[in-house]
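Undergrad: Chain by chain, the residues:
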Amino acid sequence: MYKYNDFDESFVRERVAQFRGQVERRIDGSLTEDEFKPLRLMNGLYLQLHAYMLRVAVPYGTLNSKQMDMLAHLAETYDKGYGHFTTRQNIQYNWPELKDVPDMLSDLADVEMHAIQTSGNTIRNVTADHFAGAAADEVADPRPVAELLRQWSTDHPEFQFLPRKFKLAVTGAAADRAVIKAHDIGIRILERDGVRGYEVLVGGGLGRTPMIGKVLHDFLPEADLLPFIEATVSVWNRLGRRDNKYKARIKITVHEHGIDEIRRLVDERFAEIRPTFNGVDQEILRTIVSQFAAPDFKTASTDGFEAARLANPAFHSWTDTNLTAHRADGYAIVSISIKKHGDTPGDATADQMRVMADLARKYGHDELRISHEQNVILPHVHKSDLPALYGELRAADLATANIGLVSDIIACPGMDYCALATARSIPVAQQIATRFDELKIEHDIGELKIKISGCINACGHHHVGHIGILGLDRAGVENYQITLGGDHTETATVGERAGPGFSADDIVPAIERLVIGYMDLRDSADETFIQTYRRLGAAPFKDILYPKEAANAA
Amino acid sequence: MARAFTPKVITSNLLIEGDAVWFTVNDTWSGDIADAEFMTDEAHADLRLLEANTQKNVMVGAYLADAKLGENGPEATHFREEFRTRGPSNYAHGKQVETNV
Numbered sequence: 001m002y003k004y005n006d007f008d009e010s011f012v013r014e015r016v017a018q019f020r021g022q023v024e025r026r027i028d029g030s031l032t033e034d035e036f037k038p039l040r041l042m043n044g045l046y047l048q049l050h051a052y053m054l055r056v057a058v059p060y061g062t063l064n065s066k067q068m069d070m071l072a073h074l075a076e077t078y079d080k081g082y083g084h085f086t087t088r089q090n091i092q093y094n095w096p097e098l099k100d101v102p103d104m105l106s107d108l109a110d111v112e113m114h115a116i117q118t119s120g121n122t123i124r125n126v127t128a129d130h131f132a133g134a135a136a137d138e139v140a141d142p143r144p145v146a147e148l149l150r151q152w153s154t155d156h157p158e159f160q161f162l163p164r165k166f167k168l169a170v171t172g173a174a175a176d177r178a179v180i181k182a183h184d185i186g187i188r189i190l191e192r193d194g195v196r197g198y199e200v201l202v203g204g205g206l207g208r209t210p211m212i213g214k215v216l217h218d219f220l221p222e223a224d225l226l227p228f229i230e231a232t233v234s235v236w237n238r239l240g241r242r243d244n245k246y247k248a249r250i251k252i253t254v255h256e257h258g259i260d261e262i263r264r265l266v267d268e269r270f271a272e273i274r275p276t277f278n279g280v281d282q283e284i285l286r287t288i289v290s291q292f293a294a295p296d297f298k299t300a301s302t303d304g305f306e307a308a309r310l311a312n313p314a315f316h317s318w319t320d321t322n323l324t325a326h327r328a329d330g331y332a333i334v335s336i337s338i339k340k341h342g343d344t345p346g347d348a349t350a351d352q353m354r355v356m357a358d359l360a361r362k363y364g365h366d367e368l369r370i371s372h373e374q375n376v377i378l379p380h381v382h383k384s385d386l387p388a389l390y391g392e393l394r395a396a397d398l399a400t401a402n403i404g405l406v407s408d409i410i411a412c413p414g415m416d417y418c419a420l421a422t423a424r425s426i427p428v429a430q431q432i433a434t435r436f437d438e439l440k441i442e443h444d445i446g447e448l449k450i451k452i453s454g455c456i457n458a459c460g461h462h463h464v465g466h467i468g469i470l471g472l473d474r475a476g477v478e479n480y481q482i483t484l485g486g487d488h489t490e491t492a493t494v495g496e497r498a499g500p501g502f503s504a505d506d507i508v509p510a511i512e513r514l515v516i517g518y519m520d521l522r523d524s525a526d527e528t529f530i531q532t533y534r535r536l537g538a539a540p541f542k543d544i545l546y547p548k549e550a551a552n553a554a
Numbered sequence: 001m002a003r004a005f006t007p008k009v010i011t012s013n014l015l016i017e018g019d020a021v022w023f024t025v026n027d028t029w030s031g032d033i034a035d036a037e038f039m040t041d042e043a044h045a046d047l048r049l050l051e052a053n054t055q056k057n058v059m060v061g062a063y064l065a066d067a068k069l070g071e072n073g074p075e076a077t078h079f080r081e082e083f084r085t086r087g088p089s090n091y092a093h094g095k096q097v098e099t100n101v
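Chains as they are written, first to last, in the working numbering: chain A, 1 to 554; chain B, 1 to 101.
With the rest of the complex left out, here is chain B:
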């Protein structure tokens, strides 16, 4: 039996800055996962990934990542994706202190 679909967001890295970004309902990329489009339907998510991938001159390597809905919007469920929303743990660098988007 196919595995049940779990909610997703689309994420990638910006072409020039390399920053982690998330795909919004307006077809833009945000540096905050809370702005991401939260997708609960598999067919819709696959379609949106195709649409995201039309922007290959803006970003690199779009993929679907597991997410859950929090108070302010989508949140990461896996620690790897959570780190991408924040930056490294050894310095106050990256998203925890700045954003390019």
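Next comes chain A alone, as it looks inside the complex:
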């Protein structure tokens, strides 16, 4: 893992000291709210419906156990005993008091963490494949590149007043687990004839105008990465629509100017700035790479693991859903579901965080990840340790076997917390998960991604859910629109709106009807929801959702 150098350490400490002074001056009245607001946003502090919210960056979703322990400490000391993991691999605290936030940031600095650029019109936390460095299908670990981009973008003088926020995601595998096609810039590490390079996508995004990213460069030489990304952000910084916040994101700029014109402008800017990059960035990258060296994988028999699977059906079921192939022999990637049926997606208590930190120390080479799907990953666990690990997860109520299933729902905080929300999303997720648990059919349903947003800004990624749910305010009443056929992977697709929305009372029955209807439509138990949707199109699914209209038409 990346280790702060003296520069990082003093930069983060200095920022904490500055913010401490700013908070003091706000409280004693020397700063007005208008003056203070941009300062608090620069440090991830929002004012929400019921309280302040502090968004802490988890760079590319990677944590060690000490850091996870500190997140638990913050939850317990300054919040109500829990934290909320987000779709951008961050963690949010929903109840801090303003006067405590400098202490929270100081505690975070003790473990090399911060909340810098988790808000505002800046380059936000760089996200990455949550299986980075562990996945069997990976060309290279994307995290060194993500760390390089983090260092480059942090306090970058040219990019502190961008037209709007800017989000980067990096993956090192062909299978996209980082939703790179729905980011302002998505980067994929690839190899051609033994040479490594980057595919650079631009102009993806969700929100009110969802767009799939377009290829800006199909094979960028490794050494050109930073100048090329800088040129791209620079072109947008100049062209971006500052006159209209709804048209300010780079996806609109790319859409309005066309990808070819954007590519021409980027190339032009790149030619200007490339000579100013003298290779220091590549030296820094090499140092970073060495810090992401793979752990010392052990060799041990997996016989005990196989025997435990046969002996314990609950363990068997958990290994079927919550494990992913690891690149090292005898190892597995463990996804810990923090989506127990009926609980809030992405929430973990301080106790659970400590258990996960402890498990990482004991069985996981001290590494944890936060996924954009709001779960926690132990990327390196030897299979011989899985039975013991599973036992400890069960004791901490963390052994839900539902990764990738109907109850593994992404949900934004929605109007239970968020000041921007137009409807609640958490209760909808809770009710759907509870309902399918009652029906005992989620394993029969198979892979299904339900994603829920409480407003058009789409933090809950509803556009790319196989089933997306968008909560809106329709004439003073919560109303839920369904989209179908979205896909968040390398074959990313924006879902299609199914029809009129449903009331808060009708949305869960509608989802139940839809999913049970799909089970009748699929050609075999192996055909997933999205495969059936692609084979048959939207029509039969709409008929299931709107039976009256279907009957009238017949």
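FYI, nobody ran anything at the bench for these hints, they're computed from the structure.
Each hint can be trusted.
Just a sample of chain A residues kept apart from chain B, beta carbon distances all over 12 Å, derived: (1) 140; (2) 190; (3) 208; (4) 268; (5) 279; (6) 491; (7) 500; (8) 514; (9) 520.
With a straight-line cut-off of 30 Å between C-alpha atoms, the simulated DSS-like cross-links for lysine-lysine are: (10) A:66 <-> A:167; (11) A:245 <-> A:165; (12) A:165 <-> A:99; (13) A:245 <-> A:167; (14) A:440 <-> A:340; (15) A:3 <-> A:167; (16) A:298 <-> A:66; (17) A:214 <-> A:247; (18) B:95 <-> A:80; (19) A:99 <-> B:95; (20) A:167 <-> A:37; (21) A:548 <-> A:440; (22) A:66 <-> A:340; (23) B:56 <-> A:37; (24) A:80 <-> A:340; (25) A:247 <-> A:165; (26) A:214 <-> A:165; (27) B:95 <-> A:37; (28) B:56 <-> A:99; (29) A:165 <-> B:56; (30) A:80 <-> A:66; (31) A:66 <-> A:3; (32) A:66 <-> A:99; (33) A:245 <-> B:56; (34) B:56 <-> A:80; (35) A:214 <-> A:167; (36) B:95 <-> A:340.
Distance ranges between label pairs, derived from CB positions: (37) B:34 <-> A:77: 28 to 36 Å; (38) A:246 <-> B:92: 31 to 39 Å; (39) A:208 <-> B:57: 33 to 41 Å; (40) B:2 <-> A:255: 33 to 41 Å.
Only a predicted model underlies this, so the values are computations on that prediction, with no experimental measurement involved.
Backbone N, C-alpha and C define an ideal beta-carbon position, used for all residues, glycine too.
Assemble the complex: chain A is given as a structure, and chain B must be docked to it using the hints.
TA: Frame of chain A, contents of chain B only:
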């Protein structure tokens, strides 16, 4: 034609705690919407908002919110404002169990 004025209360969040609060006839902030000043006259509401905004070192972001008169005093009419009187629905946190004011 201008839209008819509907009754209002003034609400904001406390500077330190962030708690939702409502402006009373005594120029104080209460954690209970029932204590809020209920305003049926637009000019008066605008004036009171100016007065509320003189307390910017106590609270943040005062605005006029629609309200109706209930048995115990003003009540929220829109679900967003109703949630602010109560707290989140996924935990017994916030106003439904405690108040800072």
